[in-house]
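Enquirer: Since the structure of chain E is provided, determine the placement of chains U, V and Y on it from the hints.
Chains as they are written, first to last, in our numbering: chain E, 108 to 364; chain U, 108 to 364; chain V, 108 to 364; chain Y, 108 to 364.
If you are wondering where the hints come from, they were derived from the structure by calculation, not from laboratory data. Check the hints yourself; a few may be wrong.
Identical copies go unnamed one by one, so any copy, or any two together, can satisfy a pair.
Stated by the list, open to error - Straight-line distance between alpha carbons at most 20 Å, and here's what the computed SDA-like set of lysine to any residue pairs gives:
(1) Lys253 with Leu299
(2) Lys253 with Glu140
(3) Lys133 with Glu297
(4) Lys253 with Leu230
(5) Lys133 with Glu122
Since the structure is predicted, the reported quantities are computational estimates derived from the model, not experimental observations.
Protein chains: 4
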Amino acid sequence: MTGAGGASSAAADAEVAGWWATAVSKIEPDLIELRGHPVQDLIGRIGLAEMIWLMLRGERPDPRRAALLEAALVSSVDHGPHAPSIAVARMAATCGVGLNNAVATGVNVLGDVHGGAGEQCVLLLEDVVRQADPAAVVARWRARDKYLPGFGHRFHTRDPRRDPLLGLVAEAVADGVVPGAHLTAAIEVERLIAPVPMNIDGATAVVYAELGFPAPLARGLFVLSRSVGILAHAWEETGQGRRNKGPIPPSILPDWL
Amino acid sequence: MTGAGGASSAAADAEVAGWWATAVSKIEPDLIELRGHPVQDLIGRIGLAEMIWLMLRGERPDPRRAALLEAALVSSVDHGPHAPSIAVARMAATCGVGLNNAVATGVNVLGDVHGGAGEQCVLLLEDVVRQADPAAVVARWRARDKYLPGFGHRFHTRDPRRDPLLGLVAEAVADGVVPGAHLTAAIEVERLIAPVPMNIDGATAVVYAELGFPAPLARGLFVLSRSVGILAHAWEETGQGRRNKGPIPPSILPDWL
Amino acid sequence: MTGAGGASSAAADAEVAGWWATAVSKIEPDLIELRGHPVQDLIGRIGLAEMIWLMLRGERPDPRRAALLEAALVSSVDHGPHAPSIAVARMAATCGVGLNNAVATGVNVLGDVHGGAGEQCVLLLEDVVRQADPAAVVARWRARDKYLPGFGHRFHTRDPRRDPLLGLVAEAVADGVVPGAHLTAAIEVERLIAPVPMNIDGATAVVYAELGFPAPLARGLFVLSRSVGILAHAWEETGQGRRNKGPIPPSILPDWL
Amino acid sequence: MTGAGGASSAAADAEVAGWWATAVSKIEPDLIELRGHPVQDLIGRIGLAEMIWLMLRGERPDPRRAALLEAALVSSVDHGPHAPSIAVARMAATCGVGLNNAVATGVNVLGDVHGGAGEQCVLLLEDVVRQADPAAVVARWRARDKYLPGFGHRFHTRDPRRDPLLGLVAEAVADGVVPGAHLTAAIEVERLIAPVPMNIDGATAVVYAELGFPAPLARGLFVLSRSVGILAHAWEETGQGRRNKGPIPPSILPDWL
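The following block holds chain E by itself, in its conformation from the complex (with noise of 0.2 Å):
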């Protein structure tokens, strides 16, 4: 925008164009295009799943490979008011901000501990998978921190997401529908570290990292997961009439509070 004239006002043409180009979606008057779909031929006919993998990679999934995102994605929702990510949601819808800032907040503190563990279990598997000696790999992460990202949990011995999801992998692989390396890796890990079990972010990291995610979108996809707990906790919180909400009802606090 040099306002030089002709030459330089195309180079700037290009250069806005560049500047917010995208492969994702096009927009033209009476034209929406996602990923290279007309948006009236997904209408009615993708799934909700379908269409997450279809925005994040560009292609369709086939029916069995969504129908495992969609396991996942359903998994985890939801783990309780007291998810920091829920509460936090909760608290916020309390004090008159829009349904969008409350859901916003909770997405917010899903990071690197809370929402990114699914994330480095991903990497924790691709390495794994690469390496000859699984617990070669396990005693070199523990002795970066003693979490291993996917196992363990604070309360929950066996977690009941654990079993549904490896299974729907394990028939996966067993129709040669995804190949099983990642699976076969989790549990490998599971028995080096027992009896820490699998947790929620190790099962569905074992489908992201089948169905061939990129590990950051582990934390994409419990991302768009979680969002919905988050805003049927911040509707429901909505209706309970509560003024600027804190962590503990004031009745109860230390001694006069």
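Expert: Chains U, V and Y only, in chain E's frame:
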């Protein structure tokens, strides 16, 4: 937590329980129930759109209603990189925050004007349905604000998402799946203010109102839908290696930048 | 950016310039002007409170008005770890997000109910100042909402911040620094609804209204003030090593958690 | 909260108290203490920059150190409407969210790359101060990343904020107010990598390091400083009446928009 001993402690127990009480989920060791369903009964057996319905309303929808909801959720995932919600998420992704923070940044701007039009359009349609005289309702709304929520667009003369969504609703009305009053109201409003066309907020408002979602959840559902596009764009931007992306390419900023 | 060559390019230049035009700051190579002042003339020569005034209003305040603003900003930095804005930031800090994200999480919940009371109280005071009959104004506001913004507190019977702030305003009125009408209005309201006391939102609203800040900036200034406490708490929490802190210690959750 | 009666209730009391324990503030009915100071002793008697120091570090600074901190906070409030933190806040303000949400949106993008350079620069300077050989330290850092945090700028050849800030630090060193080792280190680094100039992150890092702030607080302090500019821009944008502002004016988007 008064320290006054057993009796008051029992009261305090109840108070804490009540403060974070929820009908959405129940979490105990090795038990996760979502709206009363053990999570292992849902994984692999319920679709993501059905799950959203279940979490928000406490009951599972029948397949036809679930399909309508899914179509609406698919329809509004993205509207290009210049939509504020998408643009700010892309910019956030270049500033060194987590992928969840980039998504939260995008969701956070889906306010009354950007993401709230669907909510307001549901209110408008409910108003029309309740009143004898649609023209009077429209006149009253337009006296308050020249923009009628759910109608008009900066550059689409006919939003390509309108016909497929209304077509699905019309089919559902014909089959007795939904009542149809809000569809009729929306078409009547569109006729009254022609040639201003119904937009995506209007078309999805018809779906959500026909399905019985309260108005604020039109915004909530839009948040879930748009989060898909926000994530896809933020992820794509992450791969492009820009740092601290501003809105306009530095090389063509006025004069010098 | 039509690509139509020189003439339209000049128009496009103007359009881009206009789209991001601002009177707040001017940035060119080796030049930074803030509200018309080269930044090097401000550094070391202007206080932070004065700078806030300059940035928001375009002119430097005299020292007495700057001191009043500074006193109000100091007064509301923190209200303990159970204030929602502080609590959510502390929780965020344990989830593995950046310190900026933790602060943003806290600021994000300073909504109409939590951070907006000062804004609404300025409107109330302006209403009282404009009208002949304070009692009628109060009655009208109370008919809309039992909570009168800026008055009443969950547990302070006399907020310790009220007297020092009102005392400073009274001195400024005596010296002709500010007009005093809003101070008079606030004290009259407090008398009318006794024994409900003025709270910090009310006392700071008096300061901001006397200084001529428009009502929405009462919320904006509270955001700047509270950010200090939010940061201090988030930083302290960071040093305590908790992971994914929920609102209630796991060991005392009802029954089992 | 085990319900087991008196004894365990006392333990539960302690647990709740410990879970939200803080040295930052103490709130009781009619009592507010910030870092041990009754708030009424602070209002009108302590400046905002001193208050920031007190809240973050637990002690009041002497006037010279407070003035240095204040100068650094003043210096980085704004860098024009195209800085991502400012731009996203302006866009947010047009989408119908609260002013606090617009500020939070801006603060949320002050991530490792945008707002984190000061933090990393403090680490670099500490590294240089600890080592015998500055050139070796610089070489080691540059081997990891071609961008040395705190040095270089897209378009300033000499950042106008560098000289005034370093001048104030040099005076403080001459007067024995701060030790000077980090100033020396920064100038040495600048010499080693000439002609790449020190930028604002570098100059403020010198101040914060000389004042003894731990590195992560360089980001925290930048957040407080930049929040001033973010608020000023969001507020200005609010007054301009745009709706759903995208990054580029619709009329000049490529081809058609």
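Enquirer: Need the list of violated hint numbers for this structure, in ascending order.
Expert: 2, 3
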